[in-house]
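Trainee: The residues making up each chain are set out below.
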Amino acid sequence: GESVGLHLPTLSVQEGDNSIINCAYSNSASDYFIWYKQESGKGPQFIIDIRSNMDKRQGQRVTVLLNKTVKHLSLQIAATQPGDSAVYFCAANYGQNFVFGPGTRLSVLP
Amino acid sequence: NAGVTQTPKFQVLKTGQSMTLQCAQDMNHNSMYWYRQDPGMGLRLIYYSASEGTTDKGEVPNGYNVSRLNKREFSLRLESAAPSQTSVYFCASRSTGGSYEQYFGPGTRLTVT
Chain A
1 GESVGLHLPT
11 LSVQEGDNSI
21 INCAYSNSAS
31 DYFIWYKQES
41 GKGPQFIIDI
51 RSNMDKRQGQ
61 RVTVLLNKTV
71 KHLSLQIAAT
81 QPGDSAVYFC
91 AANYGQNFVF
101 GPGTRLSVLP
Chain B
111 NAGVTQTPKF
121 QVLKTGQSMT
131 LQCAQDMNHN
141 SMYWYRQDPG
151 MGLRLIYYSA
161 SEGTTDKGEV
171 PNGYNVSRLN
181 KREFSLRLES
191 AAPSQTSVYF
201 CASRSTGGSY
211 EQYFGPGTRL
221 TVT
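Those protein sequences? They're chains A and B, same order as listed.
The first sequence begins at 1 in the numbering used here and counts up by one.
The second sequence begins at 111 in the numbering used here and counts up by one.
It is possible that some hints are incorrect.
Examples of chain B residues toward chain A, derived with CB under 10 angstroms [as the list claims (entries may be wrong)]:
hint: 1; residue: 116
hint: 2; residue: 151
hint: 3; residue: 168
hint: 4; residue: 169
hint: 5; residue: 174
hint: 6; residue: 177
hint: 7; residue: 200
Here are the simulated EDC-like cross-link-like pairs (lysine to aspartate or glutamate), alpha carbons at most 20 angstroms apart as the crow flies [claimed, not checked]:
hint: 8; chain 1: B; residue 1: 119; chain 2: B; residue 2: 211
hint: 9; chain 1: A; residue 1: 42; chain 2: B; residue 2: 162
hint: 10; chain 1: A; residue 1: 71; chain 2: A; residue 2: 17
hint: 11; chain 1: B; residue 1: 119; chain 2: B; residue 2: 136
hint: 12; chain 1: A; residue 1: 56; chain 2: A; residue 2: 31
hint: 13; chain 1: B; residue 1: 181; chain 2: B; residue 2: 211
hint: 14; chain 1: A; residue 1: 56; chain 2: B; residue 2: 211
hint: 15; chain 1: B; residue 1: 124; chain 2: B; residue 2: 148
hint: 16; chain 1: B; residue 1: 167; chain 2: A; residue 2: 2
hint: 17; chain 1: A; residue 1: 42; chain 2: B; residue 2: 136
hint: 18; chain 1: B; residue 1: 181; chain 2: B; residue 2: 136
hint: 19; chain 1: A; residue 1: 68; chain 2: A; residue 2: 2
hint: 20; chain 1: B; residue 1: 181; chain 2: B; residue 2: 162
hint: 21; chain 1: A; residue 1: 42; chain 2: B; residue 2: 148
hint: 22; chain 1: A; residue 1: 42; chain 2: A; residue 2: 84
hint: 23; chain 1: B; residue 1: 167; chain 2: B; residue 2: 148
hint: 24; chain 1: B; residue 1: 119; chain 2: B; residue 2: 162
hint: 25; chain 1: B; residue 1: 119; chain 2: A; residue 2: 84
A few chain B positions that, by computed beta-carbon distances, are all more than 10 angstroms from chain A [what the hints assert, rightly or not]:
hint: 26; residue: 111
hint: 27; residue: 125
hint: 28; residue: 132
hint: 29; residue: 153
hint: 30; residue: 163
hint: 31; residue: 188
hint: 32; residue: 209
hint: 33; residue: 211
hint: 34; residue: 223
Hint data in this document are derived by calculation from the structure and do not stem from the laboratory.
Beta carbons: idealized from backbone N, C-alpha and C, even for Gly.
This is chain A alone, in the form it adopts within the complex:
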């Protein structure tokens, strides 16, 4: 079946540094990808998305990179802040629905 995985279950970064969270997907037919942020005790919240006809998309302090050749995407967070501490999920579509990765827990160190 379809699968989405992340390379690291946890990531710790110093406040002010840049964070990079990676994700791999299995279905080469996936053409839409989303990154979500989930804070403790809350539901996932949309961060940024990217379609397969793009290889980079930027938002406010976040950038998503897509490499379709190796079926890999990454989320870059610039100048990481304490409020960025959360679990980050990538999701890849299969048809109209999505497969979610297991998540990377980002901890921001003071």
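Dock chain B against the given chain A, drawing on the hints supplied.
Mentor: Same frame as chain A, but now just chain B:
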């Protein structure tokens, strides 16, 4: 504008008991979803409803039933709860426009003993 609301927030059931998780959205979205989230795993789709009047199975539908009561409400029912259904349940909704963004509720933490 409350977004997606879920009730209850917490629930403890004994094996064999039944219950219904309620979900409502006020964004006039066509599609609604039920997911479960277990430790160390991503969200897994239980059931979804692409539009009012339709429901379809997702990845892990066994032991669950759903009802799309109207455009706003989508409920998830456990007929005979089992310990394997201990999880956090999330409801989500999405408009069927250009974006695939799903809006999630705050979740229901269910424990089956």
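Trainee: Now tell me, hint by hint, if it's right for this structure.
Mentor: Hints and how they fare:
no.: 1; hint: 116; verdict: holds, 8 angstroms
no.: 2; hint: 151; verdict: holds, 5 angstroms
no.: 3; hint: 168; verdict: holds, 7 angstroms
no.: 4; hint: 169; verdict: holds, 8 angstroms
no.: 5; hint: 174; verdict: violated, 16 angstroms
no.: 6; hint: 177; verdict: violated, 19 angstroms
no.: 7; hint: 200; verdict: holds, 5 angstroms
no.: 8; hint: B/119 to B/211; verdict: violated, 23 angstroms
no.: 9; hint: A/42 to B/162; verdict: violated, 26 angstroms
no.: 10; hint: A/71 to A/17; verdict: violated, 26 angstroms
no.: 11; hint: B/119 to B/136; verdict: holds, 19 angstroms
no.: 12; hint: A/56 to A/31; verdict: holds, 14 angstroms
no.: 13; hint: B/181 to B/211; verdict: holds, 18 angstroms
no.: 14; hint: A/56 to B/211; verdict: holds, 18 angstroms
no.: 15; hint: B/124 to B/148; verdict: holds, 19 angstroms
no.: 16; hint: B/167 to A/2; verdict: holds, 16 angstroms
no.: 17; hint: A/42 to B/136; verdict: holds, 18 angstroms
no.: 18; hint: B/181 to B/136; verdict: holds, 9 angstroms
no.: 19; hint: A/68 to A/2; verdict: holds, 16 angstroms
no.: 20; hint: B/181 to B/162; verdict: holds, 5 angstroms
no.: 21; hint: A/42 to B/148; verdict: holds, 14 angstroms
no.: 22; hint: A/42 to A/84; verdict: holds, 14 angstroms
no.: 23; hint: B/167 to B/148; verdict: holds, 19 angstroms
no.: 24; hint: B/119 to B/162; verdict: violated, 25 angstroms
no.: 25; hint: B/119 to A/84; verdict: violated, 25 angstroms
no.: 26; hint: 111; verdict: holds, 15 angstroms
no.: 27; hint: 125; verdict: holds, 26 angstroms
no.: 28; hint: 132; verdict: holds, 15 angstroms
no.: 29; hint: 153; verdict: violated, 4 angstroms
no.: 30; hint: 163; verdict: holds, 16 angstroms
no.: 31; hint: 188; verdict: holds, 20 angstroms
no.: 32; hint: 209; verdict: violated, 7 angstroms
no.: 33; hint: 211; verdict: violated, 5 angstroms
no.: 34; hint: 223; verdict: holds, 22 angstroms
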